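Undergrad: Assembling the complex is the task here: the two chains are given apart, and the hints tell you how they should meet.
Residue numbers (the numbering used here), protein chains in the order written: chain A, 1 to 407; chain B, 1 to 131.
In case anyone wonders, no lab produced these hints; they're calculated from the structure.
Every value quoted in this text rests on a predicted model; they were computed, and no experiment measured them.
Hints should not be assumed to be uniformly reliable.
With beta-carbon atoms standing in for the labels, derived distance ranges [claimed, not checked]:
hint, chain 1, residue 1, chain 2, residue 2, range
1, A, F359, B, T115, 27 to 35 Å
2, A, E241, B, E78, 17 to 25 Å
3, B, S125, A, N237, 57 to 65 Å
4, A, N272, B, K32, 21 to 29 Å
5, B, S125, A, K267, 33 to 41 Å
6, A, E348, B, A29, 52 to 60 Å
7, B, N40, A, S344, 40 to 48 Å
8, A, D204, B, A29, 21 to 29 Å
Ideal placement from N, C-alpha and C gives every residue a C-beta, glycine not left out.
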Amino acid sequence: MDKVFQHNTDRIADFTRTLNVLIIENNPVDCAMLSGMLSKSTFGSFRLKGTDSLNQSFKILAEGTWDVVLLDLNLKDSSGLKTLHQLHDQFPRIAIVVNTGVYQDSLGLKAITCGAQDYLIKGKYKSYGLVKALYYAVERKRAEEELKAAYNRLKEAQSQLIQVEKMTVIGGLASGIAHEVKNPLATILYGVEFLTTKLTETDDQIQLTLKSIREATQKANDIIKDLLDFASLSKLNIVPESINTVIEHSLNFTKHQCDKTGIRLEKFFANNLPPVPIDKNRIEQVIVDLILNAILAMPDGGLITIRTLSKKFEISDLAGSQIDSRRFQPGEDIVIVEIDDTGSGINEENLAKVFDPFFTTRRAAGGVGLGLSIAKTIINSHNAIILLTNYDRGTRARIIFKTGLDT
Amino acid sequence: MNIYPEKKKILIIDDESGFTEMVKLNLEATGKYLVRCENNGMRAVDAAQEYQPDLILLDIIMPETDGTDICWRIKEQEELQTVPVVFLTATVRKNEVEAQHGDIGGYAFLAKPTTVEELTECIESHLNPNS
Numbered sequence: 001m002d003k004v005f006q007h008n009t010d011r012i013a014d015f016t017r018t019l020n021v022l023i024i025e026n027n028p029v030d031c032a033m034l035s036g037m038l039s040k041s042t043f044g045s046f047r048l049k050g051t052d053s054l055n056q057s058f059k060i061l062a063e064g065t066w067d068v069v070l071l072d073l074n075l076k077d078s079s080g081l082k083t084l085h086q087l088h089d090q091f092p093r094i095a096i097v098v099n100t101g102v103y104q105d106s107l108g109l110k111a112i113t114c115g116a117q118d119y120l121i122k123g124k125y126k127s128y129g130l131v132k133a134l135y136y137a138v139e140r141k142r143a144e145e146e147l148k149a150a151y152n153r154l155k156e157a158q159s160q161l162i163q164v165e166k167m168t169v170i171g172g173l174a175s176g177i178a179h180e181v182k183n184p185l186a187t188i189l190y191g192v193e194f195l196t197t198k199l200t201e202t203d204d205q206i207q208l209t210l211k212s213i214r215e216a217t218q219k220a221n222d223i224i225k226d227l228l229d230f231a232s233l234s235k236l237n238i239v240p241e242s243i244n245t246v247i248e249h250s251l252n253f254t255k256h257q258c259d260k261t262g263i264r265l266e267k268f269f270a271n272n273l274p275p276v277p278i279d280k281n282r283i284e285q286v287i288v289d290l291i292l293n294a295i296l297a298m299p300d301g302g303l304i305t306i307r308t309l310s311k312k313f314e315i316s317d318l319a320g321s322q323i324d325s326r327r328f329q330p331g332e333d334i335v336i337v338e339i340d341d342t343g344s345g346i347n348e349e350n351l352a353k354v355f356d357p358f359f360t361t362r363r364a365a366g367g368v369g370l371g372l373s374i375a376k377t378i379i380n381s382h383n384a385i386i387l388l389t390n391y392d393r394g395t396r397a398r399i400i401f402k403t404g405l406d407t
Numbered sequence: 001m002n003i004y005p006e007k008k009k010i011l012i013i014d015d016e017s018g019f020t021e022m023v024k025l026n027l028e029a030t031g032k033y034l035v036r037c038e039n040n041g042m043r044a045v046d047a048a049q050e051y052q053p054d055l056i057l058l059d060i061i062m063p064e065t066d067g068t069d070i071c072w073r074i075k076e077q078e079e080l081q082t083v084p085v086v087f088l089t090a091t092v093r094k095n096e097v098e099a100q101h102g103d104i105g106g107y108a109f110l111a112k113p114t115t116v117e118e119l120t121e122c123i124e125s126h127l128n129p130n131s
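Here chain B stands alone, though its shape is the one from the complex (with noise of 0.2 Å):
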């Protein structure tokens, strides 16, 4: 349950505890974001059924999961099908996001490092309007 009516919750699913630490940080610093961490993939999804956020920042390579794939699987959860997913991701680069318009596959895309400005333009621009 949200206590703070007012604020977005944000699930950030990533294995580098100190990267979800410092978005959490920064986000919550914002006044706007309740952020909930998880750096076990493989608990990605009762993570996300349990806490019902309003939006999530996935990490695409991790240890024991993929996080397309764990996308998918949360997709799967009726309650959770509408919940926006921004793949916040190492893997590709700024300008090849650009190109794409920050959508590849019809998911948003963040390229690490981001500024904290930008990170919470993306997720002010996904988040479902009556969430």
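Just chain A, same shape as in the assembly (with noise of 0.2 Å):
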């Protein structure tokens, strides 16, 4: 055995690692002819596997723990670049070495763009060759994976701050604004007050003209305190909390509302859920606004369920959303909130647009359609996930948090 390999600790190229190979290969001689090559290897230790289809090597992949991909792109039930693009767009993860009869060098370098580690010409290598290729495929890919992962990190990291001096601007332009604007407010209401104790004798039409002018500018202040709220959330106040507890307590505040249009409520909380990293205050002022949304959502009155429930993290909590996940890892501590209510769902259109900033299905009763955006500002600024799906009954508003104080 070479020296140099055999005594090889360098992670680069750790050729006593066993690789778990799976050969994808038409030429069932060409196959016995890899396999004999790789398992009579003096240095490199591998388990094989081979198969001539792409479709069952989809199977294959998915069912193993595989390092590097051994890659005809000729087969019988695909051909050519599409042979790669297919595998690499299914398992983005496992190091591919194309391995084809086709010489040409404008294909080998495509097929390096499109994603392989290396690109082989059959007959044109011997053993040492192509167990090198594969190692270091290996390597190349890990190494490839790790710069992707810091890049994200890098992405996940320039968004948030690129977001916290959103807010710092929102936030400054807000309170200007607010205090601005709530001055004049305040004229108006105690004018309207003024004027309304002054006229009690005068007739309907003035004292409609009162009432409206009293609503709009109470309107006008909820809109200047909505904005406040979005805007602050720079200022969390962090502290482990019981969420049963603070479901509980948001329940005072909707409980008037659900009793008036005959909504039941039923709740399903865990036992012994561990505290989770939280604002009170802004996660209660996020639960009532679901709670207040399940309830405008069944005017004929239904059934609200919440739950609350611990777990490990697993990518199906995300319940096919396409929200982006990279802040929780597989195996992690969670609590997951679920609001269910039996109204009549969101179209799949609005499903999209429900957490924008104005979007709202309820403009004409009045809805400013900052409620959910300013939900998820807040549940991101915790650095949890609230998704609004639809369910067999209705739309299910779910809420996941890290238990660990890394927010």
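TA: If you want it as structure tokens, here you go:
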């Protein structure tokens, strides 16, 4: 055995590790030859499996743990670069070494651009070259993945910075506007109150006018208040809290609305939930908002179900939502809060927009469209996730919290 | 001199003359108060010394000066030391005031806009009982 490789403990070419190699090869003779070369090689160690179909390879790759694929581009169910594309799309994390009989430099370069780690021409390499190509491909892929992860972390940090900067600017603007607008609003409100007390004897039209002015002023004030809420999120007071207690407290605010509209409430709270690091007041605000939305979605009464549970995070917790989940690692401890209604659900087109500022389906009824966008901003600032999906009986709001204190 | 001794004298210091006029109209309409408006922050201390109010309503952000600064300068005057000051301001929000039980740094706060009822309740709760 070559001493250089035997004693090489450098991670870049750790030839002592056993590689799981899937050979996807159209030609059974080639396949047997590759297996022979690898299993008889004096260095390196391999666990091998072969298939002659791309579709079959998808099944095999999905079931086991694989380090590298030796890929023939021309198979019975796929040919050319399309083969590489399909494989790479399905399994972006597996290292692929293209192994083909077609000798063409431009194709080789294209294969590398399309995600292959190397491009081998059948018959143009010997055992050593093949082993080296496989080990190097695995290491290159690992380095590439690390780089990608670092890039993603950087991108995430950048977008958080932009978000913070944006909130700071909006915050400054909003509090400036709020002060300037609230003063005249206060004047109008006191003016209307004074007129209302003085004009008690006058006709209905004047009373109606005064009432409209008062309500419009109040509305303007509410919008200013929402804007300030939206803007003041940079100051969170994060403390580990019992999420069940926070929900119970939120329910005090919404009980009256529920009773009035004949809506029933069912609670399934998990016992012994770990405490969740949150700003209690902000999360209460979100829960109240979600419950009020649920109530509004059921004008003829219905059922609100609130559930809490703790578990390990899985991608399936995102319920098929396209949400960016990089903040959560599979296996991480999480607490989930779900609020289900039995309303008419949200149509697919609107589902994508519900968190946009000023989007509302209740504009005519006086909705401003800041509720859910504020909720989302609050949840994001907790490093948590909020998603809205339709389930078989209505709409489900789900919030996923981390239990670790790294927010 | 208070020619209606049964009425409490309120001094409001705020640069928005429309606002102070409305406060005056509403408070005087209750029959319980006499109100003087001062729209120039620089004249606030003089106005307080002259008027000898039972309570001062004070805006925080004004063009030439700062309400908290005016408050210190008023409190420096011996005869005004016990006069309660209520900050009436648009810079804080109602829920922030409520969270602090209407008290920030030992001073009473009211977040604009309020109803007349909230304003009179606040004034009544801060008036010195023997003033």
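Undergrad: Each hint needs a verdict: does it hold in this structure or not?
TA: Verification of the supplied hints:
1. A:F359 <-> B:T115: 27 to 35 Å: Holds, at about 32 Å.
2. A:E241 <-> B:E78: 17 to 25 Å: 49 Å, violated
3. B:S125 <-> A:N237: 57 to 65 Å: 28 Å, violated
4. A:N272 <-> B:K32: 21 to 29 Å: 57 Å, violated
5. B:S125 <-> A:K267: 33 to 41 Å: 39 Å, holds
6. A:E348 <-> B:A29: 52 to 60 Å: Taking Cβ atoms as reference, E348 (chain A) and A29 (chain B) lie about 56 Å apart, which means the hint holds.
7. B:N40 <-> A:S344: 40 to 48 Å: For N40 (chain B) and S344 (chain A) the Cβ distance comes to about 58 Å; the hint is violated.
8. A:D204 <-> B:A29: 21 to 29 Å: 23 Å, holds
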